[in-house]
Amino acid sequence: MKDQQSTLRETMKRQGLTRDAFAEHLGVSRRALDSWLLPATSGEFRRMPGVVAKLVGGMPAGTEPRAAGELRLRFTRKGKPHLLSVDQFDRDTVEELLQVAEAMEPIARRRKVTRVLEGAVLANLFFEPSTRTRVSFGAAFCRLGGSVCDTTGFTFSSMVKGESIADTSRVVSGYVDAIVVRHPDKGSVAEFARHTHLPVINGGDGTGEHPTQALLDLYTIRREFERLGKTIDGATVAMVGDLRHGRTVHSLIRLLSLFKRINFRLVAPRSLEMPPELVEAAKAAGHKVVQVATLAEGLRDVDVLYATRIQKERMSGEALEAYPADFRIDRRVLGSLCRPDTVVMHPLPRDGTPGANDLSTDLDADPRLAIFRQTDNGIPVRMAIFAVLLGVEHLVARDLRDAPWIAPARLGPGDAPFHRLA
Amino acid sequence: MKDQQSTLRETMKRQGLTRDAFAEHLGVSRRALDSWLLPATSGEFRRMPGVVAKLVGGMPAGTEPRAAGELRLRFTRKGKPHLLSVDQFDRDTVEELLQVAEAMEPIARRRKVTRVLEGAVLANLFFEPSTRTRVSFGAAFCRLGGSVCDTTGFTFSSMVKGESIADTSRVVSGYVDAIVVRHPDKGSVAEFARHTHLPVINGGDGTGEHPTQALLDLYTIRREFERLGKTIDGATVAMVGDLRHGRTVHSLIRLLSLFKRINFRLVAPRSLEMPPELVEAAKAAGHKVVQVATLAEGLRDVDVLYATRIQKERMSGEALEAYPADFRIDRRVLGSLCRPDTVVMHPLPRDGTPGANDLSTDLDADPRLAIFRQTDNGIPVRMAIFAVLLGVEHLVARDLRDAPWIAPARLGPGDAPFHRLA
Amino acid sequence: MKDQQSTLRETMKRQGLTRDAFAEHLGVSRRALDSWLLPATSGEFRRMPGVVAKLVGGMPAGTEPRAAGELRLRFTRKGKPHLLSVDQFDRDTVEELLQVAEAMEPIARRRKVTRVLEGAVLANLFFEPSTRTRVSFGAAFCRLGGSVCDTTGFTFSSMVKGESIADTSRVVSGYVDAIVVRHPDKGSVAEFARHTHLPVINGGDGTGEHPTQALLDLYTIRREFERLGKTIDGATVAMVGDLRHGRTVHSLIRLLSLFKRINFRLVAPRSLEMPPELVEAAKAAGHKVVQVATLAEGLRDVDVLYATRIQKERMSGEALEAYPADFRIDRRVLGSLCRPDTVVMHPLPRDGTPGANDLSTDLDADPRLAIFRQTDNGIPVRMAIFAVLLGVEHLVARDLRDAPWIAPARLGPGDAPFHRLA
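Protein chains in written order, with the numbering used here: chain A, 113 to 534; chain B, 113 to 534; chain C, 113 to 534.
Treat each hint with caution, since some may be false.
[As the list claims (entries may be wrong)] Facing chain B, a subset of chain C residues (Cβ under 7 Å, in silico):
| no. | residue |
| --- | --- |
| 1 | Thr130 |
| 2 | Ala232 |
| 3 | Thr263 |
| 4 | Ser276 |
| 5 | Asp279 |
| 6 | Gly286 |
| 7 | His309 |
| 8 | Leu502 |
| 9 | Leu507 |
These aren't lab readings, by the way, just hints derived from the structure by calculation.
Here a beta-carbon is modelled for each residue, glycine too, at the ideal position from N, C-alpha and C.
Kindly generate the complete structure, drawing on both the sequences and the hints.
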């Protein structure tokens with residue numbers, strides 16, 4: 113029979129876990145684990161309790177050896193598999209995550225099916241309505257084989273009765289395997305995450321963060337550039353519109369700052385400029401930042417034009433009036449200022465009402481308009497996040513089969529065929 | 113190695129696709145496809161791009177040869193798998209669709225399980241509440257093995273922010289594999305469908321259409337008649353109640369008109385008559401149409417009595433008052449006017465409050481009352497629609513296994529045993 | 113070829129069904145079944161109809177022989193698989209049900225996956241909001257492999273149009289395989305169940321019952337006592353707070369009364385006492401019941417302290433004011449009155465606002481606080497209820513495989529490791 117020390121060592125190796133991560137995983141202190149690994153002759157040596165032995169014995173033997181620096185452990189904190197902020201990433205980890213997303217493409221495009229998360233349940237907790245984000249997360253989890261429990265109301269009924277975020281978090285953790293939280297208040301998703309060891313993903317917390325949006329934006333730039341033969345290092349990226357309230361651009365400027373020599377063009381009407389601390393951080397990271405107030409000054413020869421909707425629900429009437437009409441981006445603007453290979457992006461929704469001061473629909477047939485490729489990219493990126501946080505990204509490739517149903521080559525009538533195929 | 117022309121021809125044959133449908137499926141023009149199929153010696157011959165070759169190579173080889181006139185291609189338009197209106201059907205296609213529904217019965221009755229759509233996701237978009245229709249579509253998709261993302265609110269949050277139906281349609285298409293849309297405005301489901309190549313099913317658009325309800329009504333008549341040894345050709349069908357606003361009866365009269373020599377009895381109070389263009393269309397198709405204003409005139413010796421609820425939410429107070437009390441269909445009416453084999457139907461919900469001017473609950477034990485068999489039939493019919501639009505109807509029979517759980521022989525206490533068994 | 117009588121007898125034996133249950137299952141009268149089982153020479157002998165023969169022939173042959181007194185048949189009534197009230201149980205059946213829940217633990221703790229209910233659909237009908245209860249039922253059904261259709265609104269849209277509970281029940285029964293109903297009105301879940309043969313589970317009906325909560329409470333006491341080396345027989349159980357309106361404690365006192373020699377301490381402010389008929393019933397069953405009005409009198413040396421939230425939404429302003437501040441249970445109370453092994457429970461949610469007259473958060477790190485173990489236990493208990501009502505509890509053990517994803521050893525930061533492991 114194998115001795116305790118060998119059993120523990122082999123299990124750690126098989127799971128690719130450090131001693132800290134293994135102790136965390138077992139729910140014991142690092143010190144206790146160390147004592148079980150000492151030679152039996154040592155005075156400090158301890159036998160592991162029966163209950164721990166049972167847990168170790170029950171760990172799946174068939175799983176692959178994981179790399180010691182498993183992605184999940186490298187961008188999360190204190191062994192807790194949370195995605196709360198883009199600040200968790202460095203360039204290596206963000207690029208590895210996007211590679212996992214690439215591997216999800218055949219599933220996201222309905223050519224392949226995986227069931228790797230069969231039996232797992234996601235709680236999709238939306239304390240603020242956002243139908244498309246909710247459906248994107250839900251569909252991504254389903255495409256990995258899991259099931260989804262939604263809460264779609266404005267309120268979580270037990271919180272109405274005075275329940276704390278802490279209690280809600282701990283209770284829901286007993287029901288499911290991963291939790292997406294969207295909340296109107298900045299910081300409340302982090303508060304939710306503090307009270308659980310389950311994977312928690314920030315689905316947007318008020319004026320705070322929306323990290324999965326920034327990751328799918330970066331993924332989109334990467335894929336568009338790949339097609340165009342460009343690299344992110346050295347690119348010129350214009351961000352346009354309400355840069356003050358738009359958490360999307362706040363997260364994106366920080367993610368792009370992980371790359372090299374970006375030329376940022378920040379185009380915003382007075383009073384809606386990018387917060388100074390974000391501008392300073394980008395400069396400090398070695399990037400060039402130009403702040404201007406008109407499209408004419410900002411859009412010439414950019415590689416990426418990232419337009420944002422005016423966040424009407426976050427502005428006062430006065431600020432709304434100050435938003436000048438010439439921030440509308442249409443065919444004329446693109447024709448006179450941009451290049452044939454400029455990538456036009458937008459976090460959506462855009463205001464489609466006639467004359468709206470937003471990205472115009474007269475661009476819908478223009479192949480530079482990447483907004484729907486961008487929103488499509490939410491599926492593989494969110495699949496990758498779930499797979500990595502739940503530690504199954506290495507199992508997906510072995511679990512693929514052909515999708516038996518007929519999927520269209522193009523989704524929208526205006527889509528170029530390369531969209532689904534490239 | 114096989115040449116390009118053979119590869120393309122064999123794939124088309126295997127998939128049962130015409131050149132037009134195959135080009136659509138690949139996302140290329142018909143002209144491009146033609147040029148790839150020419151002899152290599154022709155001056156017009158072109159090599160297909162690598163990306164297309166990859167797509168063709170990736171088409172599931174294991175699927176069955178399909179009939180050249182595949183059902184999906186025969187009742188949909190321009191290669192787009194949409195079910196928007198009963199006008200899409202002719203007698204052949206509607207009968208074939210109902211045969212597919214018959215094949216779904218062992219699953220709908222919980223004797224068998226299929227997982228053919230495992231990995232597929234349905235967006236169940238209800239811009240207007242209709243719990244039962246939503247659950248019926250959702251359950252049908254689940255019974256094929258798929259997963260469902262619901263939106264149940266009155267509003268789609270991004271549309272509140274000014275997003276167009278076009279954008280919503282295209283964005284949701286990036287997330288899922290099929291879309292059911294219910295919307296309060298006539299024509300808006302067609303508008304939604306215009307912007308996607310994914311399967312879209314009209315779940316009711318205001319005063320417009322509700323094609324799946326009409327199909328399940330027709331399926332019910334077919335099954336009841338089969339049991340009674342009758343045929344739809346030559347049948348006498350009474351439609352009763354508010355025939356002006358009831359989209360259900362509008363769709364049903366058009367579907368039944370695909371058959372031969374129907375005797376329609378349209379029984380409606382003044383001002384709530386069937387729209388004249390529908391009456392004229394039925395007559396033009398060779399059917400007999402009698403319009404009367406009382407039950408006594410309309411119900412004698414009918415094969416089908418199709419009662420409808422007064423659509424209170426679509427009527428003004430004055431019209432409501434004009435609705436005469438003697439449109440209540442109860443045991444007395446049935447006993448004095450109808451035959452022992454008259455099939456009594458209703459689209460439900462019926463008004464169950466005492467004295468309501470609707471189909472009475474005193475009929476609940478009467479075997480002629482087919483209303484619950486009718487609503488049960490929503491599952492196999494909606495399963496058939498999903499299976500056909502996603503091109504998997506031929507795979508279901510090969511994917512069946514026994515349901516391991518215990519299903520009751522009868523669902524309701526008043527159900528005759530033949531209900532679940534016939 | 114086998115004769116009709118042998119076929120029927122063998123099928124009954126294989127399914128472990130009595131004649132009554134088998135007749136119910138076939139949807140025929142007991143008398144008809146008897147006539148088919150008579151010797152062919154008897155004058156009363158009848159051939160079974162072809163349609164019945166088909167059904168019998170189609171019964172899964174591979175299923176295990178069931179015990180004649182199958183659990184499902186022993187605590188349900190008239191062959192209808194409903195869980196409406198704790199009164200359905202005796203000590204044997206409740207203990208067997210909790211043993212099934214024990215067998216679900218590896219799945220509830222995400223070590224194992226089962227797909228035994230794959231293809232089955234649950235309708236989770238919440239006519240009153242209760243997010244956590246809804247998610248708990250939904251997640252439990254998903255963990256058995258099934259799919260869930262939720263209705264989360266305050267209203268069921270067709271009921272708004274005047275539909276009766278009877279019609280809603282019968283219609284939904286045509287769509288799904290099991291139904292959970294939560295309703296604000298006492299008795300309405302029983303009314304719903306009257307109109308269907310499908311499994312119906314009472315998810316709480318106003319001031320009526322909430323049997324699954326009581327079952328998970330009992331399961332929690334059993335598991336905590338097992339760890340502590342105690343038995344339920346002879347235990348001292350304090351119930352504290354609003355005992356008049358709390359349906360949870362009403363159900364729990366009845367369930368505990370199935371055991372022996374319980375010492376009940378009912379601690380409630382005047383006007384919020386336990387209803388006298390429940391007190392009398394417990395005494396009549398041989399238990400000791402002490403009713404007091406202060407914590408000091410009630411909590412000394414109890415084995416279980418079951419605290420309840422003040423049901424503000426069910427009280428008038430006057431009664432609210434009369435609720436004395438010294439019903440707050442905190443570290444000081446526990447330290448001065450309780451034992452080191454007292455199990456502290458609460459049905460949750462608790463009021464977490466500062467100074468709330470409820471279970472205090474200053475106890476969160478105290479291992480005696482079992483409230484999150486208690487809510488976690490909702491999953492295995494509800495899984496057991498579904499499995500038993502659908503007759504698949506014996507199939508789960510044969511359908512287990514390892515969960516491939518990483519589940520944390522502890523859910524909350526304050527959880528002791530034994531929580532997930534014991």
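Minimum beta-carbon distance criterion (7 Å), His309/C to chain B: holds (4 Å)
Cut-off 7 Å, beta-carbon criterion: hint that Gly286/C touches chain B: holds (4 Å)
Restraint satisfaction for Leu502/C [CB to CB of chain B, less than 7 Å]: Because about 4 Å separates Leu502/C from the closest Cβ in chain B, which is inside the 7 Å limit, the hint holds.
Chain B contact restraint for Thr130/C - C-beta distance below 7 Å: violated (14 Å)
Hint validity - Asp279/C Cβ closer than 7 Å to any chain B Cβ: Holds, because the Cβ-Cβ distance from Asp279/C to chain B comes to roughly 6 Å (cut-off 7 Å).
Leu507/C as an interface hint toward chain B, with CB separation required under 7 Å: OK, holds: Leu507/C within 7 Å of chain B, min 6 Å.
Per-residue hint verdict: Thr263/C, partner chain B, C-beta under 7 Å: holds (5 Å)
Restraint satisfaction for Ala232/C [CB to CB of chain B, less than 7 Å]: holds (6 Å)
Residue hint Ser276/C, partner chain B, criterion CB-CB below 7 Å: holds (3 Å)
Violated hint: 1 only; the structure is consistent with all others.
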